[in-house]
Every structure is written in C-alpha cells, then in structure tokens.
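Make a model of the complete structure from these sequences and hints.
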Amino acid sequence: MDIKGLQKLSLLDFKGYLAATIFTGGCNFSCPFCHNKSLVLHPNDLSNISEDEIFSFLKSRYGKLEAVCITGGEPTLQHDLTSFIHNVKNLGYKVKLDTNGSNPNILKELLDYNLLDYVAMDIKNTRKKYPVTTNSALSLDAIDYSISLIMSSPVSYEFRTTVVKELHTKEDIKTISQRIAGASAYYLQPYIQSPGVINPVYTSYTKKELQILLHIATPYVKKCAIIGI
Numbered sequence: 001m002d003i004k005g006l007q008k009l010s011l012l013d014f015k016g017y018l019a020a021t022i023f024t025g026g027c028n029f030s031c032p033f034c035h036n037k038s039l040v041l042h043p044n045d046l047s048n049i050s051e052d053e054i055f056s057f058l059k060s061r062y063g064k065l066e067a068v069c070i071t072g073g074e075p076t077l078q079h080d081l082t083s084f085i086h087n088v089k090n091l092g093y094k095v096k097l098d099t100n101g102s103n104p105n106i107l108k109e110l111l112d113y114n115l116l117d118y119v120a121m122d123i124k125n126t127r128k129k130y131p132v133t134t135n136s137a138l139s140l141d142a143i144d145y146s147i148s149l150i151m152s153s154p155v156s157y158e159f160r161t162t163v164v165k166e167l168h169t170k171e172d173i174k175t176i177s178q179r180i181a182g183a184s185a186y187y188l189q190p191y192i193q194s195p196g197v198i199n200p201v202y203t204s205y206t207k208k209e210l211q212i213l214l215h216i217a218t219p220y221v222k223k224c225a226i227i228g229i
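Residue numbers (full-length UniProt numbering): 1 to 229.
Just so you know, these hints were derived from the structure itself, not from any lab.
Don't take every hint at face value.
Unchecked claim - In the SDA-like style, the derived pairs of lysine to any residue whose C-alpha atoms are separated by at most 25 Å in a straight line are:
#, residue 1, residue 2
1, K8, I54
2, K129, T71
3, K223, A120
4, K94, N199
5, K89, Y62
6, K37, S204
7, K165, K89
8, K128, N199
9, K64, I49
10, K128, K94
11, K8, E51
12, K94, L9
13, K89, K128
14, K129, T218
15, K15, T71
Now the structure itself:
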C-alpha cells in the first residue's frame, strides 16, 4: 500500500464512530477543484508510511478507535488494497472506503468478500461533463457499474458531489439525482477554496443557492443534505 498520510482520530469521516483515516497516494482523476493536490499530482514527493507502522498503531488503539477510513487519492488504485483491508478487518475494525467509482471490479471484490462496512462514492458530474470535471477519458460505464454495485449491495453507502459554480448547474444536479434515484443518501458538498486546491480559480455557491440545489435533489433520493459547511 502506498500510504501517504494517517489522521489518528476523526469524529467526522465515519459518522457514529471514532475512526482513523488513511490517505493513499495517486489518483486517476485530476479534478481541478480537488483539495488534495499533493496526493493527486505529486504523491512521490510525500513520505511513505509503512504498513507495519499503520498496523502497530491500530493494534495499540483497538478498544478506543472503532473504525478505519481509507481515502486518497483513489484507494482502489492500490494493488494490495483487498489484502490490506482484510488485515484491518481481522483486527476488529469497521472499514469505510472513499472512492471515485472508477474501478468497479475492485469495488465488487471488496463487497463480495464482505470487507466494507460503508462506501462513499463521489459522483463528479453528469455523464456529459465527466471529462471536463475529472480531466480524464475514463469509460463512464465503469462509473455506472460502480453506482449499480453500491446501490444493490447491503452495505451502507452515500453518494456525494462537490458542487462548483462554474461546473455544476441546477440542471446538472437534477440529472445526477435522477441517475441515482432511490439512493439511500446523496450529499452536496460545497467547493471551498484552500491552499491545496489543484486549480484555485473556482467559485463556491452561496448558502442560499445551495438550498436551491438541495431542493432540486431531495425528491429523488431517500436522504439529501448539504455537508461541509
């Protein structure tokens, strides 16, 4: 595992659980509004944290921590992700995976082996706008397959979209919501300017505007909310 960061305690990443968060290096998307520039563009410039160090920490914190969140970058790019999560589960931890949904075969493997307790998938935009939003030529069938896998799984999940004024219109939010109609949870996360953003030229929606987007999305899913503000 190419592990570049460890947050030893998070009260927010896995709702309801005291969690540690692991950050993997590298991503097959380059979303210009991403706030993890170093993890996405320059992972080799960051120091590695060994698996031995991670597992030593997790063993020492068992009984205090309850869960491990794995995020990135894009964790499903890690060739040994399945075995790593298996070892985490063997320690008695719950596992949450953050993913962009670009590697459905890995996602299916993890779900089939009952290695995940929660999945959070970012839906970047409508199908038409995926290339410009992700700077990627990825087959959109992979995204659709991941959505289908998640929604048909018994594992708890959420979809989320970081909304950027220049990239997401009201009609886009409606289209995305229709695409995941019936989903357990869909969260809208406002773009926030920060030093780690890949291309900091974008604009956030106002709270009032976000409420309009929320109103548009809510009828299509079981739960919808604005997060991160």
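Tested hints:
no.: 1; hint: K8 <-> I54; verdict: holds (10 Å)
no.: 2; hint: K129 <-> T71; verdict: holds (24 Å)
no.: 3; hint: K223 <-> A120; verdict: holds (14 Å)
no.: 4; hint: K94 <-> N199; verdict: violated (34 Å)
no.: 5; hint: K89 <-> Y62; verdict: holds (12 Å)
no.: 6; hint: K37 <-> S204; verdict: holds (18 Å)
no.: 7; hint: K165 <-> K89; verdict: violated (40 Å)
no.: 8; hint: K128 <-> N199; verdict: holds (21 Å)
no.: 9; hint: K64 <-> I49; verdict: holds (22 Å)
no.: 10; hint: K128 <-> K94; verdict: violated (36 Å)
no.: 11; hint: K8 <-> E51; verdict: holds (14 Å)
no.: 12; hint: K94 <-> L9; verdict: holds (14 Å)
no.: 13; hint: K89 <-> K128; verdict: violated (38 Å)
no.: 14; hint: K129 <-> T218; verdict: holds (21 Å)
no.: 15; hint: K15 <-> T71; verdict: holds (15 Å)
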